[in-house]
Structure formats: C-alpha cells, structure tokens
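Enquirer: Residue numbers (the working numbering), protein chains in the order written: chain A, 37 to 240; chain B, 37 to 240; chain C, 37 to 240; chain D, 37 to 240.
No lab work stands behind these hints: they were computed from the structure. There could be a bad hint or two in this list.
Each pair may be met inside one copy or between any two copies, as identical chains are not told apart.
[To be verified] Below, a list of computed lysine-lysine pairs in the DSSO-like style, where the Cα atoms sit at most 27 Å apart:
no.	residue 1	residue 2
1	K114	K178
2	K178	K107
3	K110	K39
4	K39	K114
5	K178	K72
6	K39	K107
If you want the building blocks of each chain, they are given just below.
There are 4 protein chains.
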Amino acid sequence: MEKETARIEAFSDGVFAIAITLLVLDLHVPKPEDIKNTSMLISRLQQAWPSYMAFTISFSSIFIMWVNHHKIFKQIYKRNSTVMFANGLILFLVTSVSYPTALLSRFYNTSSAGLVVALYTGIFVLINLSYNLLWYAASRDKELLRPGMTDAAILRISRNYLYGLPTYLAAFAISFVYPAAAIAICVSLWIFWALSSGKVPGPL
Amino acid sequence: MEKETARIEAFSDGVFAIAITLLVLDLHVPKPEDIKNTSMLISRLQQAWPSYMAFTISFSSIFIMWVNHHKIFKQIYKRNSTVMFANGLILFLVTSVSYPTALLSRFYNTSSAGLVVALYTGIFVLINLSYNLLWYAASRDKELLRPGMTDAAILRISRNYLYGLPTYLAAFAISFVYPAAAIAICVSLWIFWALSSGKVPGPL
Amino acid sequence: MEKETARIEAFSDGVFAIAITLLVLDLHVPKPEDIKNTSMLISRLQQAWPSYMAFTISFSSIFIMWVNHHKIFKQIYKRNSTVMFANGLILFLVTSVSYPTALLSRFYNTSSAGLVVALYTGIFVLINLSYNLLWYAASRDKELLRPGMTDAAILRISRNYLYGLPTYLAAFAISFVYPAAAIAICVSLWIFWALSSGKVPGPL
Amino acid sequence: MEKETARIEAFSDGVFAIAITLLVLDLHVPKPEDIKNTSMLISRLQQAWPSYMAFTISFSSIFIMWVNHHKIFKQIYKRNSTVMFANGLILFLVTSVSYPTALLSRFYNTSSAGLVVALYTGIFVLINLSYNLLWYAASRDKELLRPGMTDAAILRISRNYLYGLPTYLAAFAISFVYPAAAIAICVSLWIFWALSSGKVPGPL
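The following block holds chain A by itself, in its conformation from the complex (with noise of 0.2 Å):
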C-alpha cells in the first residue's frame, strides 16, 4: 500500500534538522572591545556556562524527539486532519525550543531561573501532549496505520508516550522551587529514551 504520508515527513525532517541547528546562533562571542585580555575572556566564556548546558541539552532533546517522530510515523501510511493539526503543532513546538532555551541560557545565573525553568519544562509538556495528540489520532483509526499492526503493538507505543508526560509534568512542578533538580529529570528521561531506543527492531 502506498504511504501517504512521505512528503509530510520529508518536510518535518527538514523543520527539525533546521531548529536543531538554529540553536547554535544563541552561543553569543563576547565584543573583542569588552575584553582587556586573555584572562578576561576565559572569564566571560566560563559564566556563559549557562548557555552551553541549554544548546547542549536543547540539542538532545530535538534529536530525540526527531528519532521519535520517525518512530511515529513509520506506523502511519494515511493522514487525517487530526494528523495534520498535531504534526504542525508539533513542529510549531519544535521550532520554538530556541526561544525559551535562549531564555535559559541567559536568566539561569540570575534570580528568574525557576521562572525559565517553568517555562523550558512548559514546553516540553506541551511537545509531550502534541506527540500524544498525534499517535491518539492515528491509532484510534486502524485505517491510517501500517496494515497488519496488532492491537498489542499499538498499545505498546501508546504507553511508551504517555509515562513521559508525569515526568514532564513533575520536572514543571518542581521548577520554581528546585531548578536544577527539574533539569534534571528532563536530561534523565532523554537518556533513558536515548538507551532504550536502540533496543527497538526494525529502521529508523
């Protein structure tokens, strides 16, 4: 059966490969007129501390979340408007990573981090409920998914979605309170996504 839903995927690949690669333009190089000397400059370059933890952490999660995509949509051969809506608003969530990783990597030194950590770990639970969105639109009409998949192995990606939003939502709750810590658990949940998605069969 022919896949309907091939160019849509090219374009996400090209959305995501683009706002992975954007996040590096918030690195900022210190003007060489601020700067007296060599110490002066490790110096600067040390409390941008903050900035490299962001791009770093940011990175790693839009990759993840692209192999998630490709896992999503290798089980979906049609497309509904559901489908759509969900896939743009995932992508619109994507793209906007930048910005409150922008707002991390410059107010966490400051006495706003628990605020932008709210909303580093806000948007994440946003991109959980939207991956959800999708695979609830998509599974819950067998018409729209690869032929022959079985009940079984439609529950299985359902549940491998939904445990990530409490740990999402968790990482928000904590975030005024206990930055760090919410950080924290975001980068422990990619890592466990990131081992375990090399234990799944099958393409890419």
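Given chain A's structure and the hints, the job is docking chains B, C and D onto it.
Expert: Using the frame of chain A, we list chains B, C and D on its own:
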C-alpha cells in the same frame, strides 16, 4: 509519464521549511542586564505578546501555503517559463514573510499598528496573486497537467484559489482602520483552509 | 548507468535553499524606541529601499544559479577531484553572496556605492569562473558525462557559460564609475537567462 | 539487503548543509553611521580578514567532514545505539563549529589568539574522536556493515581515521605558542584529505 517537476518541488520544500523555521529568530530575549527581578522579566515577556502572535500566525500561514503548494504541484507534471517564474515569485514572497512579521511584532502595540497590519495583509494579497498566476499558467495548457485531469477538476481548483483573493483584499482594505479585525480575517481564512484541506482526498 | 552524483546534488540543493532564504535576515526592522510616529516609520522603511533591492536581486540571482547548477549536473554522471572542488567552490561562493549583498544594502546610498557595487559584481565574476571550471572539468573527460552526449551538445553548453564572463567583467569594470549601470547589467543578464532557460527542453 | 540508515543519513545531510551555510552569519557588515568615507570602509573590511579566514577554513572543513560522513555511511547498513549516539555527537559538534569559528574570527588579531586557536583546534580533536567512535562502533560488528566487506577494507578505513588524531592533537598542543602554525597544520590536513578523497573509487 515522468514528472518533470520533482526537483523544483524538493527545492521549494526546502525553502518553505527554512522560511517557516527562521521566523523564530524574531522572538527576542531580554538582556539580563536590563532585568532587575523576576516580576520585571514576566512583565517584559508579557509585553512581547505581539511577537508571539505574529510568530504563531505566520508559522500557520506558511504551513498552510506549503500544503497548498503541494496540492497544486500534484497536478502539474511539466513546466514552462511562466510556471517557473510564478513558483520563484511564490518562494520569494514566502521567504519575505518574516519581514512584515517582524514589523507586525514590533509595531502592533504602537500607533503604527494600521501601517504594519496593511503591510502584513498586503504580502498575503501578493502571495495569493502569485499562486493564482502559477495555477493559471499551468491550467491553461493541459499538456502541463497530470494526464487525465478533467475540466471540472481544473475549475474546482481555480475557484478554490480565486475566492481567497477578495478575502485578503478585504483584510488589506480595513487594515488601517481596524487592524485587529484585518488580522482576524486572515486567521479565519487559514482556519477555514486548514479544516477543509483534510477533506480533499489523495496523498498530500 | 548509475548516477554517481546524486548525493552531492542533494547536498548542493540544500545549501542553495538555505543561502537563498538566509538573505532575508539582512532586512532590518527599525526599533520601536527610535520611531515616534507612523510617518517616521514610513520614511525609515522608504530609506531602506537599497536593502529591498539587494534582497530581490540576490534572491533572483541565486535562484537562477540553482537552475543552472541543475542543468549542468543533469549532464554529469561521474565525478572526479576537480568536479568536487569546483562544486565546493560554487557552494562556498553562493553561501558568501549574502555578505556583499549586506554591504550593498547598507552602503549603496552612501559615497561608497562604487566600492560595494564592485564587491557585489566581483563575486559574480568569481561564481561565473567556478561554473566554467566545473563544466570544463566535467566536459574534458567524456567518461564523466551522460552517456551518448554529442560534442555539439557539449559545445553549446560551454559557449552558454563562457559568454556570461565578459558581461560580468564589464559590470565589474564600470562599478566604481557607474554603480547603477553595473547593477543594471547584472540584472539584465539574469532576466535574459531566466527568459532563455524556459526554452531549453527536458526536466529541470 | 535494505539499508536501515537512509533516514539518519538524510537528516545528517540536512544538518551539515545548514551548519555550513550558517557560518556566513558571522561575517559582520560595518554600520553606515560608523563609516565616514570609502577609505575608512576599505580599512574596516581589511581589518576583518580573520573573519574571512575563519569562514573559509570552517566552510572547507565542514565540507570535507560531510564527504567523510558519506564515505563511512556507505559502509554502514544497520545501526545500533552506539552508532546512533556517535552520529548524534558528530552532528552536535559540527553544528557547534560556528562558535569557535566566531571566537577565532574576533580574537585572532588580539593577545588572546592562542586561546581561541586552542578552542578551534580542540573542537576538531573532539570531532575526530567522534568519527573514530562511529567507525569503531560500526566496524567491530560486521553485521552492521555492507555485506561482503573484507577485513582489509575495514582496516584501511580505520587507519585512515586514526592518523588524523595525532595531527589534530599536535595542532592543539602548539596552539598557545604558535597559533598561526596550528591553523596551518589543520588546513594542510584538510587539503591532503581533499586531494586524496578524489582517488577513492565509487559513488560519493
């Protein structure tokens, strides 16, 4: 019959994907040295709501234009100079959208709202005209179209594109007096297109 | 016979698509704090006309260069070191176009117009040379070309590329004295190429 | 046998193409209000030569890394977690190249030249390590490789990657004392790779 337009479609997809992702670069993050405390940061982020609005509606509009671009090129199998020129014009205008978007996001809250909304709706008038030109160039020469396409099918698409024009013109006309209403008209049109696009059968 | 150059073409397409879209980042939006009223905003936007001109003509030129890139690679089936190097040089120069474009858009209205127009036309001299190098490297070894290509067809393409060089050199030579005329010569060449490209048969 | 890695290659190509093109954004154009006359503009553009150098060598290095990426993935038919992780690391580091490039372009002319050259050569040490990791992960499990690959062919590629490491380490080691020589060593290595890459048979 071989499709002559595969490469121009792939290139256009790339431009659409980049143009839609670059929009996020106009979400500006406040500088830490300008922010004294968290409530000041919150207030700054709230004041930036026109830039979130502009980002959201421009992202949605480019996404819908990309869907429409595909639908048209699914019917076009050969190209001539006018098709190439009209497509180049569409890509040029889609790339340009980020400029009136940036103007909208910075000046919607000022006394210049009417002007920037007129420029914003104005570019969609031009984009609509270039889509009409593309379809006119392709449809007047049946040699260029998908083999076996009926006159009725051609007419249905032609009508579909033409009725966008008066809507955009109406939005443009009232921009100076009722800027919010002009934006609302464009958004309504995109929602209508998004909802109706799911009903059109066939692969995207 | 298998085409060895598919991946280099896809990569080149990506670079062209990104380079053409990034041009829009040089359209700068005035800051709201510098603008007192709508007529001041209008006057600022009008004064920025060189940046609209530079964006428009650079976009057009990269689009036409992309079309030509495809036409050449439709004839090339194998690659050697020189083909790879010449193509890398083309991508490097096409990516660079945004820099003289930015200089043109900022200094065309100043006493430095001659210099920035010379730099702008100069990069097209270099791009033309690199296209000639690419085609020379491919065409002197018939093993690299599409099987069954005649000497007459090779010669026709060679001539087509060579006659661009004196035109660009003429534009470059008069840049300091007649900057507007130098720009006009380049634009005329691109219009000529755009009009004549439609007549060449075969898929793009 | 079906190639499992097609999508990861296409995504990687996209990231390489965007990363290489974004480098141009670090060529900064002087502001017209800072420039009094043409000779001042010329002198400013001349002073910016480290940014042209940095742009040129980073563009070349990413282009060569892309060529090598293809060569490796032509041999890889299946993926495991380590291959995915090593490839993700390569993409992360390639995207990051623009940051040490920007530092190099701004501080090469200052007393901090040693530091920024060390950071610049340092990232290529890391990239070399990640390529070695990718090839090590793929080659130690023959199941992942192109069917029919001989031990001799595997060994030839392994050697080819390993000898880059001491060269980069040497460049890194002398960065603080002889920054110009460290840059020259990297450039020589890339020229050597570029020249030798043409001799390797088979499609790119």
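Enquirer: Next step is simple, just say for each hint if it's right about the structure.
Expert: These are the hints, each one checked on the structure:
1. When the C-alpha separation of K114 and K178 is checked against a cutoff of 27 Å, the pair qualifies only within one copy, where the shortest distance is 10 Å, while the shortest distance between copies is 29 Å.
2. In this assembly of identical chains, the alpha carbons of K178 and K107 lie at most 27 Å apart whether taken from the same copy (17 Å) or from different copies (25 Å).
3. Taking CA atoms no more than 27 Å apart as the test, K110 paired with K39 passes in both settings, with 10 Å inside one copy and 15 Å between copies.
4. Taking the shortest Cα distances, K39 and K114 sit within 27 Å of each other both inside one copy (7 Å) and across copies (23 Å).
5. Taking CA atoms no more than 27 Å apart as the test, K178 paired with K72 passes in neither setting, with 65 Å inside one copy and 54 Å between copies.
6. Within a single copy, K39 and K107 get their C-alpha atoms as close as 15 Å, and across copies as close as 16 Å, so both meet the 27 Å cut-off.
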